[in-house]
Structure formats: structure tokens, C-alpha cells
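Novice: Take a look at the letters that make up each chain.
Number of protein chains: 2
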Amino acid sequence: MTYTEPTVEQIDEILQKAWKAFHVYRKLPLGSRAEFMRAIATEIEALGDELLKVANEETNLPDPRLRGERTRTIFQLNSYADIAEGGQLLDARIDTGMPDRNPPKPDLRKMLVPLGPIVVYGASNFPFAFSTAGGDVACAFAAGCPVIVKAHSAHRKTGKLVATAIMRAAMKCNMPDGIFANVETSSHDIGKALVQHTHTKAVGFTGSFFGGKALYDWANQRKEPIPVFAEMGSINPVFLMPEKIKESAADVAKLYAGSITQSVGQFCTNPGLLIGVEGEGLQTFIDTLGEEIRKVNPGTMLHPGIFKSYVENRANALAQEEVVTVAVSETEPQLNQGAPTVASASGQAFLNNPVLHREVFGPYSLVVRCKNLNEMLEVVTKLEGQLTATMMATVNDVTRNEDIKEAIKNICGRFIINGVPTGVEVCMSMQHGGPYPATTDSRFTSVGADGIKRFARPLSFQNWADELLPDELKNGNPLGIWRTVNNELTKRPI
Amino acid sequence: MTYTEPTVEQIDEILQKAWKAFHVYRKLPLGSRAEFMRAIATEIEALGDELLKVANEETNLPDPRLRGERTRTIFQLNSYADIAEGGQLLDARIDTGMPDRNPPKPDLRKMLVPLGPIVVYGASNFPFAFSTAGGDVACAFAAGCPVIVKAHSAHRKTGKLVATAIMRAAMKCNMPDGIFANVETSSHDIGKALVQHTHTKAVGFTGSFFGGKALYDWANQRKEPIPVFAEMGSINPVFLMPEKIKESAADVAKLYAGSITQSVGQFCTNPGLLIGVEGEGLQTFIDTLGEEIRKVNPGTMLHPGIFKSYVENRANALAQEEVVTVAVSETEPQLNQGAPTVASASGQAFLNNPVLHREVFGPYSLVVRCKNLNEMLEVVTKLEGQLTATMMATVNDVTRNEDIKEAIKNICGRFIINGVPTGVEVCMSMQHGGPYPATTDSRFTSVGADGIKRFARPLSFQNWADELLPDELKNGNPLGIWRTVNNELTKRPI
Chain A
36 MTYTEPTVEQ IDEILQKAWK AFHVYRKLPL GSRAEFMRAI ATEIEALGDE
86 LLKVANEETN LPDPRLRGER TRTIFQLNSY ADIAEGGQLL DARIDTGMPD
136 RNPPKPDLRK MLVPLGPIVV YGASNFPFAF STAGGDVACA FAAGCPVIVK
186 AHSAHRKTGK LVATAIMRAA MKCNMPDGIF ANVETSSHDI GKALVQHTHT
236 KAVGFTGSFF GGKALYDWAN QRKEPIPVFA EMGSINPVFL MPEKIKESAA
286 DVAKLYAGSI TQSVGQFCTN PGLLIGVEGE GLQTFIDTLG EEIRKVNPGT
336 MLHPGIFKSY VENRANALAQ EEVVTVAVSE TEPQLNQGAP TVASASGQAF
386 LNNPVLHREV FGPYSLVVRC KNLNEMLEVV TKLEGQLTAT MMATVNDVTR
436 NEDIKEAIKN ICGRFIINGV PTGVEVCMSM QHGGPYPATT DSRFTSVGAD
486 GIKRFARPLS FQNWADELLP DELKNGNPLG IWRTVNNELT KRPI
Chain B
36 MTYTEPTVEQ IDEILQKAWK AFHVYRKLPL GSRAEFMRAI ATEIEALGDE
86 LLKVANEETN LPDPRLRGER TRTIFQLNSY ADIAEGGQLL DARIDTGMPD
136 RNPPKPDLRK MLVPLGPIVV YGASNFPFAF STAGGDVACA FAAGCPVIVK
186 AHSAHRKTGK LVATAIMRAA MKCNMPDGIF ANVETSSHDI GKALVQHTHT
236 KAVGFTGSFF GGKALYDWAN QRKEPIPVFA EMGSINPVFL MPEKIKESAA
286 DVAKLYAGSI TQSVGQFCTN PGLLIGVEGE GLQTFIDTLG EEIRKVNPGT
336 MLHPGIFKSY VENRANALAQ EEVVTVAVSE TEPQLNQGAP TVASASGQAF
386 LNNPVLHREV FGPYSLVVRC KNLNEMLEVV TKLEGQLTAT MMATVNDVTR
436 NEDIKEAIKN ICGRFIINGV PTGVEVCMSM QHGGPYPATT DSRFTSVGAD
486 GIKRFARPLS FQNWADELLP DELKNGNPLG IWRTVNNELT KRPI
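Residue numbers (the numbering used here), protein chains in the order written: chain A, 36 to 529; chain B, 36 to 529.
Wrong hints could be hidden among the right ones.
Stated by the list, open to error - Calculated pairs, DSS-like style, for lysine-lysine (alpha carbon to alpha carbon, straight line, at most 25 Å):
#1 K195(A) to K55(A)
#2 K444(A) to K62(B)
#3 K140(B) to K289(A)
#4 K62(A) to K444(B)
#5 K248(B) to K248(A)
#6 K207(B) to K195(B)
#7 K417(B) to K227(A)
Claimed, not checked - According to the in silico footprint, chain B covers these stretches of chain A (three or more CB under 8 Å from chain B):
#8 126-139
#9 255-269
#10 444-450
#11 453-459
#12 489-502
#13 510-523
These aren't lab readings, by the way, just hints derived from the structure by calculation. All C-beta atoms in this analysis are idealised placements derived from N, C-alpha and C, irrespective of residue type, glycine included.
Take these sequences, add in the hints, and give me the full structure.
Specialist: Written out as C-alpha cells, the structure reads:
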């Protein structure tokens, strides 16, 4: 159900309903949760081209991109449903008792149980995959939690359509009233009320640093603090190692021109920082990147607010001391179009100026010219936490620069070699997270089924008779799930 | 190394050293970390009876209790070492690439890596198991993190002795300088400096609500907020169900008299709240419990501060409206001895008075007399988060009161049937945690090897050549660990 500009009293009603729904939904078997998620996927598909049309009007994202994102969203729902139903992510642990030990060893059995109603803030740049039925929502449903989505105001109509799909699926699967709500609000106070309501038990967010940090602070100021997983973006440094750049500066530049400008640079994994060592290779890289960037046409950004920020932040970055503009798209941008831009600065300038460490959300990237590899190492160690980091490197580059490689490992959630950070594969081994300020908790991910664990907690049962235990923990292992029994992973019954 | 009353500058030195040590220690193989932990266990054992003597002088805990706790501490170190070395807790995930897919699917491989230097606050009530080489420290070392212990001021000598054992083990195992530091301080500012130093990456704490909450707030106020796992105690409600109490009120009372008064009630799992339904059975329970409590001798508490708090908090609880003192130990307490005490109040009085929900740390318990099972359900739903909750119940009691059982599940980390909450078994299926205010994050535990995950984060490697990957993620699986390969748990090589 969609609530448009609700009052604080209505927020209370929404959360009261969600709380009631929680106590029904959390008891449903894994299979029912999975069935519900699959039904949502089916209903989204059933919305057909109308959904794409509305989303295109609201976000300016082109049809192929939106089709791809819809496929991804459906895949997230279906694959998280499968994995959750398989039970491995419940982290079931069993230690059988020893009644004859002195003192007797109790029988203990542990599994993850859901936290409660989850508030999810939709992201502007992914109207499907990180919004109303996106990854956070899929994770929360898989964990056993009702969801309240705070719709992103830049694509309310899209959100409302997806919300109808979720509600249809909920009805078809006999889900409890209150399992889902879609809240449209432009009020700061209502957003705060959502996070601070006593029945809200966790928050998922994808967006800006300032937005995420505000939610995090609100959550910590509650009488009962709750976890917030806020993915707040990153500049995704790319390290251009000497041998690699010597061998293929132009190819790397072309690859990166594509990554920087893809979807008008509106990805949290956009490579905003390219770090190399002064020399012929780097110069070729910069020249080629400049040529490529000049050729890329500006694209219309998601909404006027993002466009405005892009223009301001880019201007601010370019106005910094010792920053040189390398190239700007040669095509005159139309209304709300972001012009691809590349700038450059010395390693020292970058080290001395924290402004240059800030994300410029859009098709912008800064090339940092270090005077040598020691300075590159210094740059790595001074960098803040990142979602991703990339080495463009030969095997020699890696083995000769172990210190740089190890320092990079320590600041990122995903470490790429010879590729681009854009493109976040949905699979179990994806980590879409990273040390602060990339996220508020580096121990979790928002992409991949492990994201479910943000919304669940372990519960131990001590000395319960087999027939009173949840199926997941019964001796016979009726669900056939993986469990750690007396320290050994097994599917065997006890 | 032990630092006594260090300055803020020395704290900086300590953390700088720990940070350097981190970059060596995190690269060591799992086996080296395990070897170091086992060496600590050996060195603690080698301290012999001297350690017990010093601990007894400082804590007043009797020799058998201290021997048991030492055994437990050694077991923690050895068993977490074994489990960590086994690799299952790295949550290794591999998704092999599909270069021919359009777009190509990258090869992604994920595992947990350590966070960085961890600050551990020792607990007063467990001078070994939750202190200098206790569970938090074992988890941090197992995760790959250096540790700085803030020694509890009530047992500094004990802490210093254990610290020497750790340093000896570190030397024997060639651990990097800075892998461990023991800080003795009585300064609030120094405690804050430890938590707020830029190189501190997480905090472990066991103690009071006020202590834990202060650390949590300091950590959140940092420029880079860090996770704090604070276990802040609980009143561990016990639900005395009608059929069970009708059948065996006296036996249950005797069992609980033991649990309430064990170690002078100085356990975070001490049952501070017993909830039954008015009637003959509950009266028998109260009478028997009273008789038993009168017979138990007061014991000397850990330190004068804890004794003082016990006396004040108990007096405050007993002074509340409608609270009746049921029984107090008949033996006159000596200096710093806590007298076992049981009081009683009606369900309504409990529901209306938040003071009665507060922990009285020591041998004190409140019996709540509900007028019926509906009121008991209301009491459950009004209770704050708890480390444990217990049902004393027949099978009929459970099946007839599904609503109460389900409501209890929702507020606790460990759910016991027909036992006592005291006694926290060290094993993988233990959950020593629970919803706030029992802890600051219900998604983690401080007992059991899963506690390692508090101090680690996932890192994904994308498209790395086999020889450049960590052993844990190499195709051949040279360490023979469990990994989730293309969604399937296996030890097979790829």
C-alpha cells in the first residue's frame, strides 16, 4: 500500500501494522517467504512495458538500461529466494548435549531469526534494483522481515507501480496485512519518524553520504539504537601500474572512458579517481582518455537536483589549486545533461587537499600523477574507505608492488584487477560494501544474498525437546539444510 | 606490554604500533594465528597457581571458581584457534566467471579479512574469561587483529600477569611488535582516547549498561564511526508456566535459589526476574525459594564498588511501591558481602514501573505474580531485550501458550527450557548476545567462535589470477576449507 505524505500518526499506524505482520511473517516457513518473493518477481514482470515507460519518464534512463535493471531486480528476488530457502544463510549450529558431563553440557542449537520491520530508503540511480522491490527489500523479505519503503521522490510513479506488484503478490500468497508499505514523503520529520519509530528494527539505504549519515545518527540517537546499513558511495580508485600502462595505456584509457561515462556516471562504483606514476605511459593514458572523453556525448541526468550537484561539485573540484582540466565532452550539453569531464592533479596536490577525495557524482574522474610508486603508496594509505578499488596491472606489477596491493586491500570492499568497477554482479561472492565512509558497517553487503544477514540475528535454543524446536534445528533435519553439528558442517540428521 | 596510566601521547604510540603490527599479522596464515593463540593458552597454564592466588586476592572469587574459569579461558583460546584454522568462519564464497556471457560474468571470490586493531574492555566479574586473554581477545586474534586491552581496575595484577603470558607467547611465535598491549588507566579521557583513536577499528566490552553505552556513543561520534559490541547485562526473565509449577514448584525453587546466588549473583546471565501466575503453585514456589534464600550465606563481592551498587540498587528496588521483600539471607553479611534477597510484586506493579525492569547486579531476584496468562504475555511484550529467557514448562505448557513462547523468542538471544540461564557453554551454537539493551548489536555474540565475525569484514576479489589469490580462495583449495562455490558448499577444488 502506498501512503502519500503521511502524518506522524499515520507512520505510527504503518509501523503498528508492520509489527503485527512481523509476528505472523517470521513464523512462516522458509518456503513461504521464497514463494512470496518469487510472486513479486512475477508481478513486476506482469507490469510489462508500462513500468519501463513510467521509469524512463521519471529517471531519463534509456530503455535498454531499464530493461537490464528490471531483469536484475527479478533475478535478485528469485535468486535470494532460492538461496534463503536452501537454508545455508541461517548459519544453523548444533552442539548436542552431554548430560553425563560434570557439569552437564546442555544441548544448544542456534539459527538466524529476523530482526523486525525494516525501513528501506530507495536510491535515485536504480529505480528498480535499489528501490521499491530492490536488493534491500529482497533481503529483508528473505530474512523474515516486513518492509516499509521510503520512496525516492525522483521516481514516485515508478515506485508506486512496483508497490502495486508487491501488494498483489502479498495478496496472492496470503501474506499478513502490513507486510509492506510504500511511503511517499518530502518531509524530513517523517523520514526521521520512520527511522525512530520503536517498531523499526533496522534501516537499509543507498545514496549520498549526507543522507546516509543522517539516518545513521537518527538511529543511534534512539532509546533503542538500531543497525543502519547505509551505502554512501565512493570514488573507487583505480591504480594504473607502470608495466601495464607501458604496455597498454591507450586500451586502458578507452576502457575507462566507457566506465566513467556509462549511465552518465551515475553509479556508486563509478571510477572517480585514476592514479598513475608520471611518465610517458601515463601521458599517453591521459591523452587518450581526454580524446575519448571529448567524443562522449553528455547524457540527461536522473533529475535536476543531481544535475545541479554535478555541476557544482565538478566546478568546485576543478577550481582547486593545481587541478588541470584534461578534457570535457565537445558536445554542448542540453538541459540537465552532465558533460563528461576528466581533470588531473599531482600526487602532492591530492595528498594535501581533502576536497579532491570527495565524490563528484556523475561522469567525472580525476587523474592523479604520482611522482613515483612510493607516492602512490602514500596516496593509498591516505584514502578513505571505498566500495571498490582496482589495479590495472601485469603479474609483475602486482608481485613487485606487494605493499601497494596490500594497502589497497585494506581500504576496499571489492578489489578488481584489470577490469572496471562499474557492473556489480549479483552473486554470493559479491561484496557491495566497504570501510566507512563507503558504508556505515563494513561487515555487511547490500548486493548478494549475504545481504540478508543485515536483517537477522542469532537465537540459541537450549535443551528444547525435538518436537518443540523449529524444523531447521530438529534432529532429523527435515528441511535438508547445511548445519554445523558439533563443529562439523553437514546435512546429515542427528 | 603493560602501560600504567599512559598519557594521550602514549595511547597514540600504542595504536601506531598496533597499526603496524596489523599489517604484518593480517597477512599471516590461519595456522600462525592459531599457533599464537595456543601458545597463549600454554603460557597462561604455565603461570600456575600464582595466577589463581593473585586473582583470588583481587576478586574474592574462590579457588574452584577461578580454576574453572582458567580452564574455560584456555579452552576458548584453543577451540577458537581450531575453528578459525578450519576456515569455515571465513565465509569463503566463489563464483566462477563466464567470459562468454554478454556482458562477461567476472570471477568473484570473497572471504572475511580482519578489521584492524581492536580495543577490549575487561570485565570485572570474569578476570580470565572476559578479560586480558578472554573471549573478545581470542576472537580478535583469531580474526587477524592486534588487541589493546583496557584492564579492569579491580584486577590489574591479574591482568598484568596474563599480559606477560600473552607477550611471552608473542615472542615465542615471532609475532610483530605491537600485536598486544595492556593498558591500565583510571582516566575517563584515556579510555575515550583508546576508543576514538583513528587506528582503533572496533571495540569489545562486557560490563554495565552505562559503561557500554558510553563506549558506543564515543565510537559513533568519531569521524569514522566503528562497531562496538558491548554486552551490557540483562535481567534474564524466567517464565514459570502453570502445569510445570503445579507439578514441581519446590524443585524449581531449589534449582533457582542456586542459580540466583551462584558466585554471589555476579553473572550477566543471573536470573533477576521470575514470572508466574498467581495460585497455589506459585505460592509454594515463592515460599520454598524464600526458605532456600534464607539458608544461603552472603558472599564477598568482586570489589567494594560492586558491593555498594548492589546495596543501593537493591534498596531502591525494594523501596518501590507494591514491592514486598520475600526473603533475605539469615546470615549477617560481613564487609562487602552481598546478602541473597528475593522480593515480589504484582504483574501490574511490574508493568507500571520501569525501575523494576532494571538489573540489580548481585544475588537478587524479583518474583512477578501475574493474575493470569494474558498478563504474563503482556509482561513479555513490555520487556526490554535480554541475553537469555527461560521457560520452566511442560510440553503442554509450551503448546498451550504458543503466543507467550513466540513473544519470548523475540526478546532474547538464548532461549532455555527447564534449566537455568547461568552457565554459558563455550561452543559454536552459543549465542551470548541479544536485543538492545542486552547488547549494542543483536547480530553478534561474544561467546563461541562466531564472535570472531565481530572483528572481520568481507573482501571480494574480482578476476584475480589464481596465483595472486589468497590460499583460501585458490582453485586447488590448498587449505581444504569449506567454501560456497557457485552457490554450493563444498571442499572440492575447482
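Novice: State for each hint whether it applies.
Specialist: How the hints compare with the structure:
no.: 1; hint: K195(A) to K55(A); verdict: holds, 23 Å
no.: 2; hint: K444(A) to K62(B); verdict: holds, 11 Å
no.: 3; hint: K140(B) to K289(A); verdict: holds, 20 Å
no.: 4; hint: K62(A) to K444(B); verdict: holds, 11 Å
no.: 5; hint: K248(B) to K248(A); verdict: holds, 20 Å
no.: 6; hint: K207(B) to K195(B); verdict: holds, 18 Å
no.: 7; hint: K417(B) to K227(A); verdict: holds, 24 Å
no.: 8; hint: 126-139; verdict: holds (count 5)
no.: 9; hint: 255-269; verdict: holds (count 5)
no.: 10; hint: 444-450; verdict: holds (count 6)
no.: 11; hint: 453-459; verdict: holds (count 3)
no.: 12; hint: 489-502; verdict: holds (count 12)
no.: 13; hint: 510-523; verdict: holds (count 3)
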